[in-house]
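Trainee: Here is what each chain is made of, one letter per residue.
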Amino acid sequence: MELIPVYLAFILILAIFLGFELISKVPATLHTPLMSGANAISGITIVGALLAAGAGGPSWLATLLGATAVFFATVNVVGGYLVTDRMLGMFKKKTDDAP
Amino acid sequence: MSALLVNLAYIVAAVMFIFGLRMLSSPATARSGNALSSGAMLIAIVVTLLSKGIVEFHWIAIAAAAGALVGAMASRLVAMTSMPEMVALFNGSGGIASLLVGWAALFGADPSVGAVTPFTAVTVFLSVMIGGVTFSGSIIAWAKLAEVMPSKAIVFAAQRVINGALLGGLVVCGVFFALDPAPDTHLFYAILGLALLLGVMAVIPIGGADMPVVISLLNSYSGLAACAAGFAINNNILIVSGSLVGAAGIILTNIMCKAMNRSLANVLFSGFGAVKTATKVEGEVKSIVAEDAYLILEAASSVTFVPGYGMAVAQAQHVVRELGGILEANGCEVSYAIHPVAGRMPGHMNVLLAEANVPYDQLLEADDINPRMPNVDVAVVIGANDVVNPAARDDEASPIYGMPIVNVDHARTVFVLKRSMASGFAGVDNPLFFGTNTRMLFGDAKASISALIAEFK
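Protein sequences appear in the order of chains F and D.
Here the numbering used here is used: position 79 in the first sequence is 79, and no number is missing along the way.
So the numbering used here is basically just the index in the second sequence, starting at one, shifted up by 99.
A hint or two may mislead.
Here chain D is said to cover these stretches of chain F; the calculated rule only asks that three of the stretch's residues, wherever they fall, bring their Cβ under 8 Å from a Cβ of chain D [what the hints assert, rightly or not]:
1) 4-15
2) 20-33
3) 36-48
4) 57-63
5) 70-79
6) 84-90
Only part of the chain D face toward chain F is listed, based on derived beta-carbon distances under 7 Å [stated by the list, open to error]:
7) LEU120
8) ARG130
9) GLU155
10) ILE159
11) ALA171
12) SER192
13) VAL200
14) PRO217
15) PHE218
16) ALA328
17) ALA346
If you are wondering where the hints come from, they were derived from the structure by calculation, not from laboratory data.
Since the model is a prediction, treat every value here as computed from it, not as a measurement.
All residues carry an ideal CB built from backbone N, CA and C; glycine is no exception.
Generate coordinates for the entire structure from the input sequences, incorporating the hints supplied.
Mentor: Dropping the structure here:
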């Protein structure tokens, strides 16, 4: 059991390196969509929020905190993905630049 | 659904997030990358809802429905010019969600875990701290961007000492908290309060033109907060996705800092231009009216537009595109030179011009356009100042010396569209305005360009 934190830290380190490799070359055109798309991914905290809100534990405060977290995380996820999609829909190449 | 199946599904989601992010870094695949990543999010949410840990659904249903409604409305209704504010608010909502998840973890949301261990306490502390700073920092960033509060840097004596003390106080509280974790003690509320205060204090000394750095840094924090919350509840998918976002944000922050030739510490801890005073520039400013500007543009065979925050303020992107189209129809080669920190967030100008239907292959980065600049007949500067200031290249005493700029002064003629002769955000005089090949077209950018279009018709 005491090794679990180490395993989690192991995952963390690898994921950070992977992140740096993945995104090191992004054209300036895509800086905003990348940022808002990544921001939507950070809404993954919704998974933790769902677990907290739905645990059905004895503490009403924990449920309240969880439900509030679900609200904010959903705003983040739904809003983030939709706005990124809306932006990317506007990016066009010259060739398909028909009026 | 068993924990094993749930975690296998999380692996699938993680892989989809990774491919989604990778596809986001090329214009041709970006949109499907975003869709892939949203599919990953859907998988993660659905398997979590099916897991044994969730026994009560009505609060989830209410909160999720409300959140989805707010998010969807906001993303549909926001104007493209207000995108920096929107991104700041989304960063903030991710931050507060992670804070709340960390807080709720203290109650032992998962009954099988039992008492809170010191390790969990530390991770809860981190998610509350990072989430709190992200939340209050983003609210301040939003207020500055929306001009609810003054966008200039707010600096006062002993600011660094106070911020250092806040951070120190937080760490001390965190140590005591780790020794005796409890969800509703004064100690925990002190941590919560200090974190929120630190976020406010960290962002108020940062001025409007440094906003691209702050926005991308807060973006990184929102990922790290999710990551810390993942540690608090032992959840792999939170750790993996959170750290991917954290890394992406740090890369963007770094690109923004490089584009200003400043270190992150310099952006975060010092008001701009406090140290050096630039060589005073003097000279004659030559203004021009729309009729004469039209004659020059009409004869030009290559024109480059250089937009800045002023274009966003004047909402001039559509008329700029219209003028570009007219020039192209006139046989002129048109391009747009975009400086990485033009505007208030990374890629701000690109989004606005995309909205106005400018194809992205006409948008050039400074490095690509600068070697061709001597062959450009007219460079049209629209509401940009520091990013075209030749002092950054020539004047070692200038506070912005060393910052890479768009060399518009190398073009044959430069039109500068500007409201008045006030200096830019950095408070630095711009020798460009006094150049022999520079003509100032005073007035609102949108009105000036509309006047030019009217001349062509």
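Trainee: Against this structure, judge whether each hint is valid.
Mentor: Results for each hint:
For the stretch 4-15 of chain F, the proposed coverage by chain D is satisfied: 6 residues have a C-beta within less than 8 Å of a C-beta in that chain, meeting the threshold of three. Coverage of the stretch 20-33 of chain F by chain D holds. Counting CB-CB distances below 8 Å, 13 residues qualify, and the rule asks for three or more. Counting residues of the stretch 36-48 of chain F whose CB lies closer than 8 Å to any CB of chain D gives 13, which reaches the minimum of 3, so the coverage claim holds. By the rule of at least three residues with a Cβ nearer than 8 Å to a Cβ of chain D, the coverage given for the stretch 57-63 of chain F holds, with 5 such residues.
Residues of the stretch 70-79 of chain F lying with their CB closer than 8 Å to a CB of chain D number 10, which satisfies the three-residue condition for coverage. With 7 residues having a Cβ less than 8 Å from any Cβ of chain D, the stretch 84-90 of chain F passes the three-residue criterion, so the hint holds. The beta carbon of LEU120(D) comes within 5 Å of a beta carbon in chain F, closer than 7 Å, and the hint placing it at the interface holds. For ARG130(D), the shortest C-beta to C-beta distance to chain F is roughly 4 Å, which falls under 7 Å, so the interface hint holds.
For GLU155(D), the suggested interface contact is upheld, since its CB lies about 4 Å from the closest CB of chain F, less than 7 Å. For ILE159(D), the suggested interface contact is upheld, since its CB lies about 5 Å from the closest CB of chain F, less than 7 Å. Annotation: interface hint on ALA171(D) holds; nearest CB of chain F at approximately 5 Å, less than 7 Å. Using the Cβ-Cβ criterion of 7 Å, the hint placing SER192(D) at the interface with chain F is satisfied: the shortest such distance is roughly 4 Å.
For VAL200(D), the shortest C-beta to C-beta distance to chain F is roughly 4 Å, which falls under 7 Å, so the interface hint holds. A distance limit of 7 Å between C-beta atoms decides the matter here; for PRO217(D) the minimum to chain F is near 10 Å, and the interface restraint is violated. Of the supplied interface hints, the one on PHE218(D) holds, with its beta-carbon coming within about 5 Å of a beta-carbon of chain F, less than 7 Å. With 7 Å as the threshold, the beta carbon of ALA328(D) comes within range of chain F, its nearest partner Cβ sitting at about 5 Å, so the hint holds.
Using the Cβ-Cβ criterion of 7 Å, the hint placing ALA346(D) at the interface with chain F is satisfied: the shortest such distance is roughly 3 Å.
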